[in-house]
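Sequence lines, in order, name chains A and B.
Under this note's numbering, the letters of the first sequence match residues 2 to 428, in that order.
Under this note's numbering, the letters of the second sequence match residues 2 to 428, in that order.
Think of the hints as simulated: they come from the structure by calculation, not from any bench.
A couple of the hints might just be wrong.
Note that the list lumps identical chains together, so a pair holds whenever it fits in one copy or between two copies.
[To be verified] Computed list of lysine-lysine pairs in DSBU-like fashion (alpha-carbon distance at most 35 angstroms, straight line):
{"hint": "1", "residue 1": "33", "residue 2": "252"}
{"hint": "2", "residue 1": "71", "residue 2": "252"}
{"hint": "3", "residue 1": "86", "residue 2": "252"}
{"hint": "4", "residue 1": "252", "residue 2": "234"}
{"hint": "5", "residue 1": "234", "residue 2": "71"}
There are 2 protein chains.
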Amino acid sequence: MAIAASHETLTLDDQMRALGSRARAAAAVLAKASTAQKNDALLAAAASLRAQLPALLEANHQDVADARAKALDAALIDRLTIDEKRVAAMAKGLEEIAALADPVGRLDADWTRPNGLIIQRVRVPLGVIGIIYESRPNVTADAGGLCLKSGNAVILRGGSESARSSAAILACLSEGLESVGLPTAAIQSVPSQDRAAVGIMLRMDDAIDVIIPRGGKSLIERVSTESRIPVLKHLDGICHTYIHAAANLAKTRAVVVNAKMRRTGVCGATETLLIDRAVLATHLKPLLDDLITAGCAIRGDAEIQSLDSRVTAATEQDWSTEYLAPILSVRVVDGVEAAITHIGYYGSHHTEAIITEDVAAAEAFLAGIDSAIVMVNASTQFADGGEFGMGAEIGISTGKLHARGPVGVAELTSYKYLVRGNGQVRP
Amino acid sequence: MAIAASHETLTLDDQMRALGSRARAAAAVLAKASTAQKNDALLAAAASLRAQLPALLEANHQDVADARAKALDAALIDRLTIDEKRVAAMAKGLEEIAALADPVGRLDADWTRPNGLIIQRVRVPLGVIGIIYESRPNVTADAGGLCLKSGNAVILRGGSESARSSAAILACLSEGLESVGLPTAAIQSVPSQDRAAVGIMLRMDDAIDVIIPRGGKSLIERVSTESRIPVLKHLDGICHTYIHAAANLAKTRAVVVNAKMRRTGVCGATETLLIDRAVLATHLKPLLDDLITAGCAIRGDAEIQSLDSRVTAATEQDWSTEYLAPILSVRVVDGVEAAITHIGYYGSHHTEAIITEDVAAAEAFLAGIDSAIVMVNASTQFADGGEFGMGAEIGISTGKLHARGPVGVAELTSYKYLVRGNGQVRP
């Protein structure tokens, strides 16, 4: 990459420090950019992605060829590969971000104190966001677009496998920024694929305000352990659907097969089904029929196994496994409290659903579950910023601090208090 | 302490793990406690503080005697000492917390999606809060009360100097909890004054959801470096007041002397005065007269020094020093942008004020300053949750994530999404 070549006499530390300074300076400009300017940059970047399609596909072709030569696994190669459709989706994604309301400058609240001080709480950008992700090149476009709209500068560190693809996408984003006179340093990537760059990034607490890791458990654990910078975590989605004693069978069948099988690789997919003993006799068989017909493997507790020969044994490990695959663990529970206890112990605080016609049971579940999203009679696959009407998201936060659930442009902002007086002094 | 004695055969790790489990269990109970139950516990704790006055003073007397024997510094001994008035203030503080609105269960927003899903965002407690503080025993009552009201369990780790005083205060809080049938594990202190206990606490990410350090820079740096748990930082208040070219002299005099001298030991006290060159001739001398008369020492840049012989030289270090004392650094600046640049470089993102009658200058300052609180024509000493009308606070957050500015009961909560459907599946 050109940026690496131009810095070849500098140490990685120096390069990272320079990158951080440029990001900080760009953030100050971005914070004051108008909504129209940011939207125009997003639209120009989308146009550039479409115009540069051949270059993007060529860069990606090289990344994929390298990945194949290294015999990387098929799932990774699938995530890495972009085609015309995926490029179009990235461009459309940027246009959708342009269409979102600008969160910056929004008034959260205002009030006047008895002494006449007028206090306002207004949304401001976070500043500089560091995003560490793995092989999906589209994160470059999505994360770059969301940070730009929310007025933040961003430092991206994607996986080495997708380096050429990400650089080509970044060039389109830069073109969008340049077209409206915003600094290209608003969206930068780290100048090296060296793993040491991540370590340096996690200690740049002067330059970076928040780190968002997007990827597997080991990445997120490394980031949580090493980072001196606050982390917005996006952990596993070990999501549960609980079939209550008062569950309507038709709704149950529709919701469960969707929650598990619509897309098995998303974090909102149900991984464990809890079925109330009260409906075992009526609901279990049709549910398993639907799921198995749809291609799902079932791992059950001893009781479920004893009731259906198609079920294999679930181990203790299964209850805390995010399969991201057509596999479902199934357990019998006795009542709402038992379901809440199981979820509290094995879950990841992401999204859980109860299927019931009993309002009291539904309310007990909503109140008792300590997860970002709790649903009644709906598919856990609705756990998505877009489905919530919040627009594109950078992920679903499973932490409780700052943002919980879908993290969209509003969640990428902070606030400050503006206080207007007329000479007031404190007694 | 009884708790230490009963655990003397357990390792510190084991004791801390047990403490964490009790806190987690108590948090689940607290999260469901009614507003009335929490308020009754707070009022009973306040009554207990008043009833136990002799015991509290005796415990504190021993702490103070030990501190004197160790020749600890006078400021620390002052912070450590409680008297009848300070106990009454603690009790009143708990009663004021009882009078605050309960943030738990509050509906932030609700909307219905085109597919009929009803989405609500409701406030929930954070869970278990770890508070690490130094010698002020009143933090035990304040922090315990704020966490209780916000439905959180809390693990307190106060300074060893105040161990007996804090234990006596904690006994009153426990009495309050017991009187309404809430678990005393809702407010616990670590069972050892061993510094290692802090290290263990900072790694208990299963048991503790957020760490709040209250104390000096070295404590906060240790916590930020070591903690695996998200930290709500309360850093220095290097607050600035900027006298703009269009500052009214009478307002300026009233505000500046209050901002610096009302109480010099609070984080909202102004530490640096920036004076616009345009008003040097008219405003500097009366301001310095007022400040010096009030007992303030002045450290100025070369120009300020040359204009007034009572001014000593400010070093580079002075511009980034939180004196917490009757000392003020004073610098000449040329215009609003220069003031913003100085504050961005040397400040701590806490609270800054501009004094001006020029609306455009005021708005430029409000927009350009990246601090938790930005004021126009008011004393920086208003940087306080109570003065903002938010009630008691645990401190002023200088971070941008989760909470910025005053951290009161509302800021000690998170939220979750409740989604009610009728069998919806995602297309």
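Inset, instruction - May I ask which of the numbered hints given earlier this structure violates, with the numbers listed in increasing order? - result: When the structure is compared with the hints, only number 2 turns out to be violated.
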